Structure formats: structure tokens, C-alpha cells
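**Student:** Read off the chains here:
Number of protein chains: 2
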Amino acid sequence: MSSTETQIRQATPPSSPHDSDTALFLRAAWGQDTERAPLWLMRQAGRYLPEYLAIKAKSSFWEMVRTPELAAEVSLQPLRRFPLDAAIIFSDIMTPLPALGIEIAFNPGPVVANPIRTKAQIEALRRPEAEEIAPFLAKAIGLTRAELSARNIPVIGFGGAPLTLATYLIQGSGSKEYEDFRAFLRLEPAATHALLGKLTELSIDYLKLQIEAGARAIQLFDSWAGLHDWATYREFALPYNRAIFQALAGLGVPRIYLAVGASHLYPVIAELPCEVVSVDWRLPLNHIRSHFPNRTLQGNLDPSVLLASPEVITHEAHQVLQAGLGGAHIFNLGHGVIRTTPLEHVAHLAEVVRAFDRRS
Amino acid sequence: MSSTETQIRQATPPSSPHDSDTALFLRAAWGQDTERAPLWLMRQAGRYLPEYLAIKAKSSFWEMVRTPELAAEVSLQPLRRFPLDAAIIFSDIMTPLPALGIEIAFNPGPVVANPIRTKAQIEALRRPEAEEIAPFLAKAIGLTRAELSARNIPVIGFGGAPLTLATYLIQGSGSKEYEDFRAFLRLEPAATHALLGKLTELSIDYLKLQIEAGARAIQLFDSWAGLHDWATYREFALPYNRAIFQALAGLGVPRIYLAVGASHLYPVIAELPCEVVSVDWRLPLNHIRSHFPNRTLQGNLDPSVLLASPEVITHEAHQVLQAGLGGAHIFNLGHGVIRTTPLEHVAHLAEVVRAFDRRS
Numbered sequence: 001m002s003s004t005e006t007q008i009r010q011a012t013p014p015s016s017p018h019d020s021d022t023a024l025f026l027r028a029a030w031g032q033d034t035e036r037a038p039l040w041l042m043r044q045a046g047r048y049l050p051e052y053l054a055i056k057a058k059s060s061f062w063e064m065v066r067t068p069e070l071a072a073e074v075s076l077q078p079l080r081r082f083p084l085d086a087a088i089i090f091s092d093i094m095t096p097l098p099a100l101g102i103e104i105a106f107n108p109g110p111v112v113a114n115p116i117r118t119k120a121q122i123e124a125l126r127r128p129e130a131e132e133i134a135p136f137l138a139k140a141i142g143l144t145r146a147e148l149s150a151r152n153i154p155v156i157g158f159g160g161a162p163l164t165l166a167t168y169l170i171q172g173s174g175s176k177e178y179e180d181f182r183a184f185l186r187l188e189p190a191a192t193h194a195l196l197g198k199l200t201e202l203s204i205d206y207l208k209l210q211i212e213a214g215a216r217a218i219q220l221f222d223s224w225a226g227l228h229d230w231a232t233y234r235e236f237a238l239p240y241n242r243a244i245f246q247a248l249a250g251l252g253v254p255r256i257y258l259a260v261g262a263s264h265l266y267p268v269i270a271e272l273p274c275e276v277v278s279v280d281w282r283l284p285l286n287h288i289r290s291h292f293p294n295r296t297l298q299g300n301l302d303p304s305v306l307l308a309s310p311e312v313i314t315h316e317a318h319q320v321l322q323a324g325l326g327g328a329h330i331f332n333l334g335h336g337v338i339r340t341t342p343l344e345h346v347a348h349l350a351e352v353v354r355a356f357d358r359r360s
Numbered sequence: 001m002s003s004t005e006t007q008i009r010q011a012t013p014p015s016s017p018h019d020s021d022t023a024l025f026l027r028a029a030w031g032q033d034t035e036r037a038p039l040w041l042m043r044q045a046g047r048y049l050p051e052y053l054a055i056k057a058k059s060s061f062w063e064m065v066r067t068p069e070l071a072a073e074v075s076l077q078p079l080r081r082f083p084l085d086a087a088i089i090f091s092d093i094m095t096p097l098p099a100l101g102i103e104i105a106f107n108p109g110p111v112v113a114n115p116i117r118t119k120a121q122i123e124a125l126r127r128p129e130a131e132e133i134a135p136f137l138a139k140a141i142g143l144t145r146a147e148l149s150a151r152n153i154p155v156i157g158f159g160g161a162p163l164t165l166a167t168y169l170i171q172g173s174g175s176k177e178y179e180d181f182r183a184f185l186r187l188e189p190a191a192t193h194a195l196l197g198k199l200t201e202l203s204i205d206y207l208k209l210q211i212e213a214g215a216r217a218i219q220l221f222d223s224w225a226g227l228h229d230w231a232t233y234r235e236f237a238l239p240y241n242r243a244i245f246q247a248l249a250g251l252g253v254p255r256i257y258l259a260v261g262a263s264h265l266y267p268v269i270a271e272l273p274c275e276v277v278s279v280d281w282r283l284p285l286n287h288i289r290s291h292f293p294n295r296t297l298q299g300n301l302d303p304s305v306l307l308a309s310p311e312v313i314t315h316e317a318h319q320v321l322q323a324g325l326g327g328a329h330i331f332n333l334g335h336g337v338i339r340t341t342p343l344e345h346v347a348h349l350a351e352v353v354r355a356f357d358r359r360s
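Listed in order, the protein sequences are those of chains A and B. Residue numbers for the first sequence, in the working numbering: 1 to 360. Residue numbers for the second sequence, in the working numbering: 1 to 360.
The set of hints was computed from the structure by calculation and includes no laboratory data. Where hints are given, some of them may not hold.
[As the list claims (entries may be wrong)] With a straight-line cut-off of 30 Å between C-alpha atoms, the simulated DSS-like cross-links for lysine-lysine are: (1) Lys176(B) - Lys139(A); (2) Lys176(A) - Lys198(A); (3) Lys176(A) - Lys139(B); (4) Lys58(A) - Lys56(B); (5) Lys176(A) - Lys56(B); (6) Lys56(A) - Lys58(B).
Computed from a prediction, not measured in an experiment: that's the story for all the values here.
Kindly produce the complete structure, drawing on both the sequences and the hints.
**Tutor:** Below you can see the structure in the form of C-alpha cells.
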């Protein structure tokens, strides 16, 4: 292993991660070429589940996120239906931002009451104490973990990458191409860096809080990184993502990085110190692996495949599983579960993935 | 030149395209490493222009497209303000679709009254005669050409690629990730192919009509190709795009292919028989050129740069111009002009591009 690779993958993962007692998901995340691919799905706790919709009918999105019992319940729902290998705590990448003094609504996507468009707004953001940021989330992770520990199923914590959080804060809401953000970044690079620095500090505290509460892995969602060119990513994303992952090194949790529509950035993303790279469906895993030697790949079934027939699901899942051979692989979608996904299709996918022997 | 390259680039471009009498845009499109990069901008005839908004205030989008005098006027507006090297006819990729019997509104993006979701709907599409498809467009091209011929500025015709047209027809309206379309394509591949076949026939007639009316180049917009993985693009996009370009071979017009967010597809796109590949801002032109030897590259300034300061515009445009050296280059944006772009920024960009000597 070169010195770069040593930095990128933690030299000493904790407590014998290759033991067969260790959860399959964690073994794969730490780099083991496991006998079968562990499975979880982005947005597995979400609107395609009737039991989720039943809770959502009675509570706002913020109530669900901020009430530990509700967040834990929603996180556990998919694990009761499907034989998944990990839970992800129910929350949102925007969850820590109100602690900075920013008002955010969900409608259903995030809407920032006062989009950040001036240096003064960035300077005015408060620096919260770590324990203020999301105490409800720590409790939700504890409750979820308590219910899953007997089944040896780990809970994944997560946060948004600074560039992606800044994208929403400056644009103000979802958008196809986030032009206002992309313009701000070029007009006010110093202010953008100041914002990204504050978001990085916040994210480090926020993710450490989740690890202390029992999250066994951390995923950093850089959903909008793919909008940018190399130079922009290298200046405005790479150093902040690196700082976050470095701050989480040695804490005993594998670090997962996700970007969507970002295959043009893989050579730069490869510089990030993380164990797992989560990729979308645009390229087959066997074409991606050369960019990330000695890393675990997570992905990358097109979520729209789950709207198709069971036969198509079997075929496409096998393509992903085959392409994932030759290194550690965590099976997932390339992006989140689509709201209209039939439940029985998720069950079918789980069967297909579990039945695929990676050593035969 | 290999036989593949001969097929890909027309062996005998018409009427001495390298003559200094030939318009700069056409010389570059035919592969000449010109003394300066010709300039035009996608959506240069559009909502950032007050004179466009004045017409739009009095006419619906369809009225503007279907009234030759209005379409010509709008096409000419940016050429009166800025020293551009080509006009693009004002229209929309959805323009030929009503001829199939499909009702489309603009609100402001295209909305299909009855999204195509069944085989029966696809079978029921009518096959129009070529002259029925868009007679107004032929007239608009003629009027635009008449005004520009004295200035030796060519008019570009265009259409949507079949996969991108099918994306709208099946999804029904704009969407972030077009999941319903992606699912339909996997559930009903035969029906999707039937639709793509009909759209290809229509597109060939439609684009030939524009050439007969005086369009000097044709751009095929495959705006949503980048959503798909290699295998999907190869099956559902490549053969139809190839058929269209082959049908336009030998007609004396360079063929331009545009996809956005599609850098993962460049090795497949390289198989298309076209002279020019228009690329977005995600990778520098000098990194893209190796995928497309002997082709002209068109692009690729990030349109959000035009919202930034003149200093930033100068810097970023120079980056693009420098990266475009070493082969034929047509300067353009990586996607369309953003509605809030200041007019003086477009004027400034034109100055910067015109002042850049590619031979110094």
C-alpha cells in the first residue's frame, strides 16, 4: 500500500472488522471482498412505505426528524419488511442548519426562508455548541441501535457535504441546475469559502455526535457535486470534504462519500480519505473500480429499475452484482428509492441480492 | 484517416468550406483550426433580451414559433445586439411533435397533454407528410437567412434527438431525473423502440426541411442523454442518432451533436457520424478532445459565469479558449443562456472571444 493509500484507508480499522462476528455491511465497508454483497437502499425509510406515509400524515417532516421516537420508528420500518443489512437514521442533510440560525421549511423539498446571498449573512451565522446541534438525533440513533443490535445490524449516520449544503442555502430551494449558486460561487469566492468553512465545522461536530450516539458508519452526501467542473470541485469541495473525513479518522467508523452525476470528477474524488465511494448508475462498477483501488464501491442500480418488472429487476441487479466483483461491494441504488416503487419489488431485489454468491 | 473517421466526418464537404469566403462558423464546423473561435450562444434568442420579452408579452410561445415573421424577428434580435457568428432559428425541440397528433403546451417548459404510457398510444401516432410538419419553420428560416446573407452569417437549424423527445413524451413534463421515462424504457423496451423509430423518421424529414429552407448547419439536441448508462444509451440513443446523421450526410451541412452531463458517454458518442460535438462545462476541452479526434468541439463556458463580473467572465472565457486550442473550436456555452444574464455581460463575452487570436 502506498503512503497515499494508507492515508486514504485507515491503517487500523477497529475491533477486527474482518471477524465473522462483525456485521456484513461493516466488513464490506472496511474493504472485505465478502461472500455476498450487503444491501441497503438510499431513502429506504421513505414515502414508498405505507407505514411511513401513515406517520407523515400526522406529523410534519421536522416533527418526524426532531422527535426521537418517530425518527427511530421510521428508520426501523424498512428493516421490519426487508432483510436489509444496515439501517440509515431517518433525518435530512438540512437537519443541522437551523443551529446556525437558518430557517428551513420542507415543501416537500427544502426551502430556505432567507437564501444566503450576502457576506453579511454568512458572517452573521452563529457557531453552535456541539451538543446544541441535534440532540434529538443522538437519541434517535440510540433508540434505533437498541432495537437492531440483537440482529447485529448497524446504523448509518449521515450529513450533507459543505458544497451541497451551500448549494441549497444560496439557491434557496431545489433547482435543476442551481445557476444562482454557481454564479455566487464565482462572484463571491471568498464569501463562499467562509460559508463552506462554517459548514465544515458544523458538519464535523454533527457527524461526531452521531458516532458518539452509536452510528457505525458515516455517509457524506455530496448530491450536487456533479454540477461542477474539476477546477471548481477541487477548490470548493475537495478541501472541505477532506477536512471532514480527516476529523472522523480513527473513530472506528468507515467513511462513505456519495456524489451523483459526478463520473467526470472521479479522479479528484479519489483523493478523498474515505473507505467507501457510493456511485450512481451511469457507469458500470467494473469501469469505476480502477479510479478507486482498494476502496469499497457502493451502488449502483438505477432506482427506476425498481419500477419495472421482477424479471427486469433480476436481470439488472445481476448486472450490478457481476460488475461489482473483484473488490469490496455494498449493493445499493445509484440514488434514492423512488416514491412510486412497489413494495414487492424491493422485497424481490433483496432476495436477488442475498441469493447471489460472490465466491462461486 | 481511418475508414471509421471517413464515415464520421464527411469526406467531401461542399463548396470549398476552407475558403476565406466561407463563414467563419462553417469553416470551424467543417474542421478548420480557425484564426479565432466563432461564437454563438445556445438560447441566444431568449428571455434575457428585453426585445424578446416585448414580443413574448403579446404572443404565446406557439404563436412565436408558428408565425414566421415573429420567429425570424426573434432569431435576428441577438444578432443586432452582439457580433455573433451564427444565428439559430427560434423554435423548440417539441415543434415537430404536434404533427404526430400530440398536444403540447408550454408552461413555460413543455407539458404533454396526454403523456405516452401505452403501446396503443404509440401505434396511434400518425405519420405526417414531410411538408405538413413545420411549413412555418421553413418560411422563418428563409426570412432569417435573407436578412443575414449580406453579413455572411449562417442560420443553424435544429431538432431534438429521439431519446430526448421520448423522455418528454413519456414523462409528460420536465423533471429532475425523469424516473417514469426511465422505468417505461425498461418495462416496455419494444414500445420504446417503436416510439424512437417514429421520432427518427419525423426528425429526418423535419431536419431536411430546414436544410432545404436554408439552414447551413444542423444541431441535434440530446439534452437528457446524460441520465442514462452506457448500455441504455447504446441501445436506445445511438442507433437513432446515427440514422438521423446518416440521413443528413452529403447535404452540405455540418452536423452538431449536443448532450449535457454526458461525459461518461463520450466513448459511445464518439461513434456518431457528425462533424461537431457540443459539450457542457464539466470537463475542460483539452481533456475532451482525445475522445473526438478530428472533430470540432463546441462549448463550453458554464452559463452561470455570465452572471458573474466582467473580470470573472474574461478569466473563465480565456480558460475555455486556451483549452480549445489544438483543433477546431466553436465557442459557446455549455448549456443555454440563463434568463437573468445581463446584456452587457454577453457583449463583454463577445469582445473577449473575438479578441482572442488562436494563432498567436
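**Student:** Decide, hint by hint, whether the structure agrees.
**Tutor:** Evaluated hints:
{"no.": "1", "hint": "Lys176(B) - Lys139(A)", "verdict": "34 Å, violated"}
{"no.": "2", "hint": "Lys176(A) - Lys198(A)", "verdict": "26 Å, holds"}
{"no.": "3", "hint": "Lys176(A) - Lys139(B)", "verdict": "34 Å, violated"}
{"no.": "4", "hint": "Lys58(A) - Lys56(B)", "verdict": "45 Å, violated"}
{"no.": "5", "hint": "Lys176(A) - Lys56(B)", "verdict": "24 Å, holds"}
{"no.": "6", "hint": "Lys56(A) - Lys58(B)", "verdict": "45 Å, violated"}
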